[in-house]
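Trainee: For the sequence shown, the numbering used here gives the first residue as 1, with consecutive numbering after it.
Derived by calculation from the structure, the hints in this document are not laboratory data. Treat the hints loosely; a few may be bogus.
[What the hints assert, rightly or not] What follows is a set of in silico ranges between Cβ atoms, one per label pair, in the way DEER data are often shown:
id: 1; residue 1: Ile47; residue 2: Gly113; range: 33 to 43 angstroms
id: 2; residue 1: Ala121; residue 2: Leu171; range: 21 to 31 angstroms
id: 3; residue 1: Lys58; residue 2: Ala165; range: 19 to 29 angstroms
The beta-carbon is built from N, C-alpha and C at its ideal position, and this holds for glycine as well.
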Amino acid sequence: RHVVAGWAEIVKHAVIQASTPGGERGDLATFLARNARALSPAVDPAISYLIWRNVDLKARVVAADEREAGIRAFLNFGHTLGHAVEAAGYTLLHGEAVALGMRAAMRIGCQLGLCEDVDVARVDALLDQFGLPRHAPLDAKLVMAGLTSDKKRAAGRQRWVMPLAGGGVQLRDDVAPEMVEAGLRAVVQP
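The whole structure should be built from the sequences, with the hints applied where relevant.
Mentor: And the structure:
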């Protein structure tokens, strides 16, 4: 379960890659989509390559923004709602909560007109390929309350890392609570 949860951070990197220094649109996402079945701890060359790509991406982002004043915040994609799920006391692993946060963020991005259904389907498919949850038995009110303690709030406004069509992300602080609730409904277990 912990290994599966770890894939969430790798899928996150695939989504944000186009917005990072030296990032090539879709390169990591394409690799993941083509190689998901072959990727396992027992397949050393593929895992070694994937670890190198993810460490390289994160190192480039941190080097470009050591004080988290700009693009380093992109590493928080999926974490805004993911941390709220964790703060609400659920027993999900961090990666499972982040995966749900990414799924919700993709849908919020569509509501904002930043991405399209095809982008949501692409990220959902990647998360599905690695066995990450689509839904969880969450209390939406508790999760919404958990957003108030998020460290990414600035000047009383929630900062969100929102997906862009075709890949990449941007920071937004204009996400209406109704949009968040709609995104959250998509990941609450029916």
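Trainee: Let me make sure I understand: some of the numbered hints might not hold for this structure. Which ones are they, in numerical order?
Mentor: none
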